[in-house]
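Q: In case you want the letters, here they are:
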Amino acid sequence: MELEAAFAISMFLVTIIALLGGYPVALTLGGVALLFGLIGIATGMFPEPVLRSLPSRIQGASIMQNQTLIAVPLFVLMGVILERSRVAEDLLHIASRLLGRVRGGLGYAVVIVGALLAASTGIVGATVITMTLIALPTMLRQGYDPRLATGTIAASGTLGQIIPPSIVLILLADAVSNAASQASLRTGGGSAVVSVGDLFAGALIPGLLLVLLYLFYIFVVGLVWPQRCPQASESGAAEVPLTLREIVFGLGAPILLIIAVLGAILGGVAPPTEAAAIGAGGAILLAGLRLASSVQSRLAPLVGAGFVALLLIIVLRSNLDLRAASDESSLFGIVLVALAALVFAASLVCGLLVLRKAGELYPSFKSGVHITSMVFLILIGASLFSLVFRGFGGDELVAQILSAVPGGKWGALIMTLLVMFVLGFFLDFIEIVFVVVPLVAPPLILLGFDPVWLAILMALNLQTSFLTPPFGFALFYLRGVAPDDVQTLDIWRGAIPFIALQVLLIAIVIAVPSLATWLPSLSAS
Amino acid sequence: MDASAFLVFGGILKWIGLAALPIFALPLAILVLPRPFAGIGARVSGWIDRLTGGALSAAIAAALILIFAQLAVVIMRYAFSLSFTWLNEIVMYAFAAMFMLGSAAALRDDAHVRVDILRPRFGTIGRNWIELAGIYLFLFPICVRILTTGEQGLARAWFLFEGSRESDGLPLMFLFKTLVPAFALLMLAQGLSQAVKAARRLTGDLPDDATKGEIGGSNGA
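Line order of the protein sequences matches chains A and B.
Start counting the first sequence at 85; every next residue gets the next number (our numbering).
Start counting the second sequence at 4; every next residue gets the next number (our numbering).
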């Protein structure tokens, strides 16, 4: 037993050292675990059959047949298509031009667009890079203090993780749900299922509060130090004014799509996977409309017909009973819906054709496949890691350590959050969700913490970690694409006020758990 | 076709695999004797990269099928309250195919996340040695393990032409299970190609693309 624990601990330490080598994380996790497993088998410390279950694990319900995670590639595709078709870029441009005249307006635009974009990608790197490239030069030109500008961009880029429908929240829901059912097995209590919808609902209020805190901070800076965020001067605004059409399509359509997807999930109309498919389909249609004019495609009206068809299906469905052809009107309805569905499919194809003509079809799907493969290879590597770590009794070791922490369950919680915070310096959210959460969540849930609340705290905590110098991910990405005359030290200093806001929000959520648990409890009843 | 023919076929495949084993020494051979081996390596890794490109196209097709099939599920359920197991299985198969076939391409295009903290400090030589070590110590063992432990279950699936557990499902479970060894083989091949490239960079046969994958590139951004 003693020796096994030593194996588990040294495996963890070796993994961390190996990760710093910079070989892909997924393969490092799995590779170190496999080597330790083989050594364990050779020395008789490790039960051999455990390793033999690897292929069936990969093709089983936790990876290849995981119904929850089917939403992940769909949301990834939605985000990538919106990004590559410049719909996301337009969003930021239009918002910043609408708000540019207000003091701090560009800052508000970045925060709001960050929250919306967030929704579609949930990958820190992509959002931070996009926003830095588009917004930072404009902000600096308008005379923003570089610290305020970079801090706002980095912080808004990380909003993607906490605001639904983010991909990491889906992964977190899967992990926490497994943990909760393990914990309830242990106590013999009823099964406690945490659905993706629960976590989305739980994250909504804290996420929006965070957005408000950011906006309020920029407002206060504008009041106290007006020179740090000047409004756009009249002379600088000699550009062509925005047309109503641009505002409606560029700003309204993406927002409507995101609200529709989120609303369908939170309102219980559609499970996340189905809503994600609608999101991906909607993104293809929007991209088709956006790009049709620039490549002179005549398919634009056909792409637009897709939205009409979708609307028609919804209207018919809510007014007629389509389940059986009981009378003439429902027969008529069935035929009409079938036709509308065909039109919808045809406009999707048209949207894809426009994307192809613009040369964005292959790149966006290639990038979607890359990101999806990246996520799931980590899942494969992490499940090999957990398999071996558990084989050495590592999960019990973690539980023992957590129960031995002074301060009872609060001590255990704070220690977990601190460890995750430090891990967040060099591991991305996805790896931590797959590796650490399955180990620490079951004991913490057994200690009596609410799973949804716990998951939201972990998400906020990691998001803070990504903002914290010198290792925060968001700052790395920002440094990578920011102009050279922006000092790294300014980027670090700019992040500090936002970190303080994060910590404030974490404290508020700890003090008032119902911020995270109230909405999910509504949808459950 | 007689089911036992597949067992014979599988046996032949296994021997082909064993016979092909020496090729995994190619990157090391390049390090020792760059002269004849670097050229051979360049050709082999070119073939492999093209094979992976084919798998990427299949993964992209799977992504398209995933979107359309899942939308069909949504409309069927929402409008007509209908649900078909076979349609749901198409969704699941497309979902799994997308990353099982796409992983090798992500490896080729350096889209798998790395820890970037110390990486820039290792220099190009250090990075290439780490690449080689990672491939031989981590990637190859994992893939070989997946290949060798899965063979019995796979043989059974093909022997029975295993289908869905539901009566209105797809009769293709054996193909779904074949994605696992296909993934392992693609990753093995691409790993070999990456190792050859690292070895060629170390011997100066291939120019170093130092800027790629340092910042930003690792997250598929």
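Hints were generated in silico from the structure; no laboratory data involved.
Quick caveat, the model's predicted, so the values are computed rather than measured.
Don't take every hint at face value.
[Claimed, not checked] Chain B is faced by these chain A residues, among others (derived, beta-carbon under 8 Å):
(1) L103
(2) G105
(3) I154
(4) G443
(5) P447
The beta-carbon is built from N, C-alpha and C at its ideal position, and this holds for glycine as well.
Q: Starting from the hint list further up, note which numbers the structure goes against and sort them upward.
A: 4 and 5
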